[in-house]
Amino acid sequence: MYEWNNFMYQQQQYQLQQSEKMKELEERISNLEKQLQENNSLRVDKIEYHFDQLKIERLDGTLHIGLSPNDLANIDDLGIPTAKQSTVVNPVTRKLVPQLNQFINERGPKMIHELSEKHNKPINHKLEGDIIHDILGQIPDRIQFYENEAKEKHQITHPQQLESFISDHIKKEVYHSLQRFIENTEDQKGESE
Numbered sequence: 001m002y003e004w005n006n007f008m009y010q011q012q013q014y015q016l017q018q019s020e021k022m023k024e025l026e027e028r029i030s031n032l033e034k035q036l037q038e039n040n041s042l043r044v045d046k047i048e049y050h051f052d053q054l055k056i057e058r059l060d061g062t063l064h065i066g067l068s069p070n071d072l073a074n075i076d077d078l079g080i081p082t083a084k085q086s087t088v089v090n091p092v093t094r095k096l097v098p099q100l101n102q103f104i105n106e107r108g109p110k111m112i113h114e115l116s117e118k119h120n121k122p123i124n125h126k127l128e129g130d131i132i133h134d135i136l137g138q139i140p141d142r143i144q145f146y147e148n149e150a151k152e153k154h155q156i157t158h159p160q161q162l163e164s165f166i167s168d169h170i171k172k173e174v175y176h177s178l179q180r181f182i183e184n185t186e187d188q189k190g191e192s193e
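My numbering applies: residue 1 is where the sequence shown begins, and numbers increase by one.
Since the hints were made in silico from the structure, they are not lab data.
Ranges between beta-carbon positions, derived for each pair: (1) D168 <-> L36: 30 to 38 Å; (2) F103 <-> S19: 49 to 57 Å; (3) K110 <-> E152: 32 to 40 Å; (4) L25 <-> Q161: 22 to 30 Å.
Dumping the calculated DSS-like pairs for lysine-lysine here, alpha-carbon to alpha-carbon at most 30 Å: (5) K153 <-> K172; (6) K34 <-> K153; (7) K34 <-> K151; (8) K172 <-> K118; (9) K34 <-> K23; (10) K151 <-> K171; (11) K171 <-> K118; (12) K95 <-> K171; (13) K95 <-> K172; (14) K121 <-> K110.
As the structure is a computational prediction, the values presented were derived from the model and not from experiment. Just so you know, even glycine gets a beta-carbon here, dropped at the ideal spot from N, CA and C.
With the hints as constraints, model all of the structure from the sequences given.
Below, the structure is given as structure tokens:
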């Protein structure tokens, strides 16, 4: 009987300790949520532009007037491409560029051929090479675009999920871009092979 009472007493003490820890953790979570809400509350009163006072001495990049930051996130870069700017290649880009280049080099010509037959718009060999080359040149920028979208809009941070999301979206984009291009192209009778 004494052992049973002792056991119950120990269990009761353990339960009290756990309850206190739980209350403490709940308070910490509540405090963290308050801090997060205070830090995230961004308020912009009124922004006035006085274009008569605007002086542009040098134009590098793109000036977007009348677009909110949310609008900017939903459009592709409208800037005029300049010479390759030095950019730090992140691990996702470093890993995906070779994989996507291989996909495009292997599947691209077949997709172009199938789509040109489907739409009865022959594509010569030179144009096919130019299309593939153009797509390959855009891969790093598209990886960055979809990486940002995955992280900001979908909160994807796990590396494998992130890579899969980016790869799938780029492959779909390549197919749809080829389809739109071939649908809207005139018959190519220029140089052959």
